[in-house]
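Each chain, written out:
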Amino acid sequence: MPDRPGREIPKDYREVITYLIDSQGWDYKKARGGGYPKLLPSDPDQAPIRVPKTPSSQRTLSNWIAEIRRKGGHWPPERKR
Amino acid sequence: MDWFSVRMETRAPQDASRPLSAVTNASAADEMMDLLAGYDGIVSAGTNSWDVTISIEAPDSAVAVARGTEVIATYGHKAAMPSWPVVRIEAVRQDILDAENARPTLPELVSTPEAAEILGVTAQRLHQLAAGNPGFPDPMYELRAGKLWLRSAIEAFASRERKPGRPRQAQAAAG
Chain A
0 MPDRPGREIP
10 KDYREVITYL
20 IDSQGWDYKK
30 ARGGGYPKLL
40 PSDPDQAPIR
50 VPKTPSSQRT
60 LSNWIAEIRR
70 KGGHWPPERK
80 R
Chain B
0 MDWFSVRMET
10 RAPQDASRPL
20 SAVTNASAAD
30 EMMDLLAGYD
40 GIVSAGTNSW
50 DVTISIEAPD
60 SAVAVARGTE
70 VIATYGHKAA
80 MPSWPVVRIE
90 AVRQDILDAE
100 NARPTLPELV
110 STPEAAEILG
120 VTAQRLHQLA
130 AGNPGFPDPM
140 YELRAGKLWL
150 RSAIEAFASR
160 ERKPGRPRQA
170 QAAAG
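Protein chains in written order, with numbering that gives the first Met the number 0: chain A, 0 to 80; chain B, 0 to 174.
Isolated chain A (complex conformation):
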């Protein structure tokens, strides 16, 4: 059973990860033994992205989202009409 993001990461990150898992085939792995959770792109050639574990600055979130987009992730969701 694949991992789902929970309270181990901040809410802003959880929302993005849930969208990537549910609609784009990305995977999420909770940290085992003190490391950082990992977000795995649907493209296996792309390296997993670490997920911050504590609420961080807006700049950290921005850097993280830019990394997701660079690795083929779509965010934000297309607006509904």
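Careful, some of the hints might be misleading.
Capping the alpha-carbon separation at 20 angstroms, the derived lysine to aspartate or glutamate pairs in EDC-like fashion look like this [to be verified]: (1) A:K52 / A:E14; (2) B:K146 / A:E77; (3) A:K29 / B:E30; (4) A:K10 / B:D97; (5) A:K29 / B:D29; (6) A:K52 / A:D11; (7) A:K10 / A:D42; (8) A:K70 / B:E113; (9) B:K77 / B:E113; (10) A:K70 / A:E14; (11) A:K29 / A:E7; (12) A:K29 / A:E77; (13) B:K77 / B:D33; (14) A:K52 / B:D33; (15) A:K28 / A:D2; (16) B:K77 / B:E107; (17) A:K28 / B:D33; (18) A:K10 / A:D21; (19) A:K29 / A:E14; (20) B:K146 / B:E113; (21) A:K10 / A:D44; (22) B:K146 / B:E107; (23) A:K70 / A:E7; (24) A:K28 / B:E30; (25) A:K28 / A:D11; (26) A:K52 / A:E77; (27) A:K52 / A:D26; (28) A:K29 / B:D33; (29) A:K70 / A:D42; (30) A:K28 / A:D42; (31) A:K70 / B:E89; (32) A:K52 / B:E30; (33) B:K77 / B:E8; (34) A:K70 / A:D21; (35) A:K70 / A:D44; (36) A:K52 / B:E99; (37) A:K70 / B:E8; (38) A:K28 / B:D29; (39) A:K70 / B:E99.
Please keep in mind that the hints were generated in silico from the structure rather than gathered at the bench.
Go by the hints and put chain B onto chain A.
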């Protein structure tokens, strides 16, 4: 002074005799995340590449790249990240990055009924336009369920081709 997002990308040499152990790389990447927390750091690490993004306050992008490179190299060494060749370094001003991040990456697509609605025609007329008007945009996708067009292409066609007033053919005939 502005904030810049500085990203460095490395790749394992193609002739590397021994690929890096995934376990070693994972613990080094976790340590790198800890070390770069004060720089808004984000680390991606696989068995043949690692990338780091940090935020740096600097007077311009060139200085941001220089300072960012130094920070990433210093902490990369401390965390025992593999010293692979750097294949890309870039700095983006934070407000520019934020604006880019806010734009959806997927283009907005419309199906036949939506495209017909934008043009104010029936679906049947839309198919006629698509088949007979060389200026009509090609669909982005042709699925078994139907065609999908870029919304922006249909809207551009609507504003270009379907101007109010008498159709051009009628004007030509009258002249």
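Hints, verified against the model:
1. A:K52 / A:E14: 14 angstroms, holds
2. B:K146 / A:E77: 19 angstroms, holds
3. A:K29 / B:E30: The hint holds at about 16 angstroms.
4. A:K10 / B:D97: Holds: A:K10 and B:D97 sit about 19 angstroms apart, inside 20 angstroms.
5. A:K29 / B:D29: 13 angstroms, holds
6. A:K52 / A:D11: Judged against 20 angstroms, a Cα distance of about 11 angstroms means the pair holds.
7. A:K10 / A:D42: Violated. A:K10 to A:D42 sits at ~25 angstroms, over the 20 angstroms cutoff.
8. A:K70 / B:E113: 31 angstroms, violated
9. B:K77 / B:E113: 56 angstroms, violated
10. A:K70 / A:E14: Distance ~18 angstroms between A:K70 and A:E14 Cα, so the pair holds.
11. A:K29 / A:E7: 8 angstroms, holds
12. A:K29 / A:E77: 27 angstroms, violated
13. B:K77 / B:D33: Distance of about 11 angstroms is within 20 angstroms: holds.
14. A:K52 / B:D33: With Cα atoms ~10 angstroms apart, A:K52 and B:D33 stay inside 20 angstroms; holds.
15. A:K28 / A:D2: 6 angstroms, holds
16. B:K77 / B:E107: 45 angstroms, violated
17. A:K28 / B:D33: Within the cut-off at roughly 18 angstroms; holds.
18. A:K10 / A:D21: 16 angstroms, holds
19. A:K29 / A:E14: 15 angstroms, holds
20. B:K146 / B:E113: With a Cα-Cα distance of about 11 angstroms, the restraint between B:K146 and B:E113 holds, given a limit of 20 angstroms.
21. A:K10 / A:D44: Violated, at roughly 28 angstroms.
22. B:K146 / B:E107: 14 angstroms, holds
23. A:K70 / A:E7: Between A:K70 and A:E7 the Cα gap is close to 23 angstroms, so the pair fails against 20 angstroms, i.e. violated.
24. A:K28 / B:E30: 17 angstroms, holds
25. A:K28 / A:D11: 17 angstroms, holds
26. A:K52 / A:E77: 27 angstroms, violated
27. A:K52 / A:D26: 17 angstroms, holds
28. A:K29 / B:D33: Holds, at about 17 angstroms.
29. A:K70 / A:D42: 8 angstroms, holds
30. A:K28 / A:D42: 16 angstroms, holds
31. A:K70 / B:E89: 16 angstroms, holds
32. A:K52 / B:E30: 13 angstroms, holds
33. B:K77 / B:E8: 17 angstroms, holds
34. A:K70 / A:D21: 17 angstroms, holds
35. A:K70 / A:D44: Cα-Cα ~9 angstroms, so holds.
36. A:K52 / B:E99: 25 angstroms, violated
37. A:K70 / B:E8: 12 angstroms, holds
38. A:K28 / B:D29: 14 angstroms, holds
39. A:K70 / B:E99: 15 angstroms, holds
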